[in-house]
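Here are the chains, one letter per residue:
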Amino acid sequence: MIRLEGVKKAFGSQQVLDDVNFHVPAGHSLVIMGPSGSGKSVILKHIIGLLQADAGRVLVMDKDVGTLDRDGLAQLRRRMGYLFQHSALINWLSVFDNLALPLRETTNMSHAEIRERVMHVLELVQMTAAEAKLPAEISGGMQKRVGLARALVTEPNIILYDEPEAGLDPEMSSSVSHTMRRLKEEHGMTSVTVTHSVSCALTVADTLAVFEHGHFLISGPPTEVLNSDLPRVREFLGAQLD
Amino acid sequence: MNIIQKAGALLLAPPVVDAGYTMHLGLAALARLRHLPRRWRSLLDQMHLCGVKSMHVVLFVNFFIGMILALQLGFELSRYGQQEAVGFAVAVAMMREMAPMMTAVVLAASVASAMAAELGTMRVQEEVTALEVMSIDIYSYLVVPRMLALTLIAPMLTLLGAVVGILGGGLIAYSQLGLDFSGYLRNSLDSLTDTSFLGLPRSVYAGLIKSMIFGFVISVIGCANGLRAEHGASGVGNSTRAAVRNSIIMIIVLNFFLGKIIYQ
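So the sequences go chain by chain: A and B. Under the numbering used here, the residue at position 224 of the first sequence is numbered 224, and the numbers go up by one with no gaps. Take any residue in the second sequence, note its place counting from 1, add 1000, and you have its number in the numbering used here.
Hints in this document: simulated from the structure, not taken from any laboratory. As the structure is a computational prediction, the values presented were derived from the model and not from experiment. Take the hints with a grain of salt, since some may be wrong.
Claimed, not checked - Below, a list of computed lysine-lysine pairs in the DSBU-like style, where the Cα atoms sit at most 30 Å apart:
#, chain 1, residue 1, chain 2, residue 2
1, B, K1053, A, K133
2, A, K184, A, K133
3, A, K63, A, K45
4, A, K184, A, K63
5, A, K184, A, K45
6, A, K8, B, K1053
Unchecked claim - Non-contacting residues of chain B with respect to chain A, defined by C-beta distances greater than 12 Å in every case (computed):
#, residue
7, I1068
8, F1181
9, L1189
10, S1191
11, I1262
Here a beta-carbon is modelled for each residue, glycine too, at the ideal position from N, C-alpha and C.
Isolated chain A (complex conformation):
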């Protein structure tokens, strides 16, 4: 479903992605961990077409993201959801309108259908009581859950999570991780998650990968990666577990 083949990306003289390869089959969950600033989010931005690779190919649902025109990219993005690190809710729209926005703008759904869909995803993240509130009137954790609901409202095949636990307390972080797990199990959603949280990774991942210096140090089932003998992987994950 998602395949990166020999992807390279540099910003100035800094090589952020250096021959990155991976494959995420349909219904599978890949979690990428790594130090801050190592380029994990850059991978997500290549998958959604916000950045273009300098070399290599990014294939999403058998489409080469780098060669798609504006309309093709828009069509592909409609089948993908993206949870931003800081939620990125539109500040002047209510919670309800934030969720309704992509449906109003990109579908022909009626008002009633939009309302039904929005309330359904708000229920999923337990935020129905906040539907009339503005983003500034709810807490960071609630904003994150609304951001998750917005990523889900178009019923995407793929969802990309950029540090879903960032800024959340442990209880809320666990709640978001379990919601992500449930989405995968109940809806067969394919996902790529960038996180610093080992507990989030263990809850969500089918495959766990550690990324540093432009390439993956290791990838595999979470237990295998956690028990790795590679010194750098042990060092990084050990620090996270501590």
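Dock chain B against chain A, hints included.
Chain B alone, transformed into the frame defined by chain A:
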């Protein structure tokens, strides 16, 4: 890269890239005017923000501009015994030049800066990226309502500003120059009855056309600077400052060329 290339890249490239993006944004917004039926609510909101919330400043500034013109022109004209002509001079100056330009400057300072700050904050907080990820056309959703609102509101504010400026001039003509107020007004109206187009005197439609173009340019510059903001709060500050500075420069330059085209 030799020193000339480095100097060019450092000094010329940024303004050329900015100008190119601003022109692209203006054309992209014009090409999306057909989306207007979906944007009417947002258009009305923007017209309220641009028009109603700026009106008191526009009127206040133009009232004083009219008084300044009447005072200075009145003193000079009275040396030749022509102070009765002050109504003529103030009305023509207000309608053709001062009201369109001063209104545009006020709008640049209040509205272009607000647009740049708002869109710039959205850009650095990834809200604009979120719209792009959701396949929402940011030119249509964010730029078209702002651009059209200011293009429509600017001539309305200019007309009101000119009227208030002429009345301000009348106050000075009456209180400082000893002229009859009704005579001043008659004199002012007589000055605005030159060659007409669609029932409007040339001085009036020239001022309105200019202000409409100023409104378009200010809004596009404000949006373009906001959408190109980067590097957090300081980046938003830079984009806001650039929006006001570039708007005012463009108003002054365009004012000269539009005046030349219309009156030559």
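For each hint, the structure was consulted:
| no. | hint | result |
| --- | --- | --- |
| 1 | B:K1053 with A:K133 | 25 Å, holds |
| 2 | A:K184 with A:K133 | 29 Å, holds |
| 3 | A:K63 with A:K45 | 16 Å, holds |
| 4 | A:K184 with A:K63 | 22 Å, holds |
| 5 | A:K184 with A:K45 | 21 Å, holds |
| 6 | A:K8 with B:K1053 | 50 Å, violated |
| 7 | I1068 | 39 Å, holds |
| 8 | F1181 | 46 Å, holds |
| 9 | L1189 | 44 Å, holds |
| 10 | S1191 | 45 Å, holds |
| 11 | I1262 | 39 Å, holds |
The earlier numbered hint that this structure contradicts is number 6, and it is the only one.
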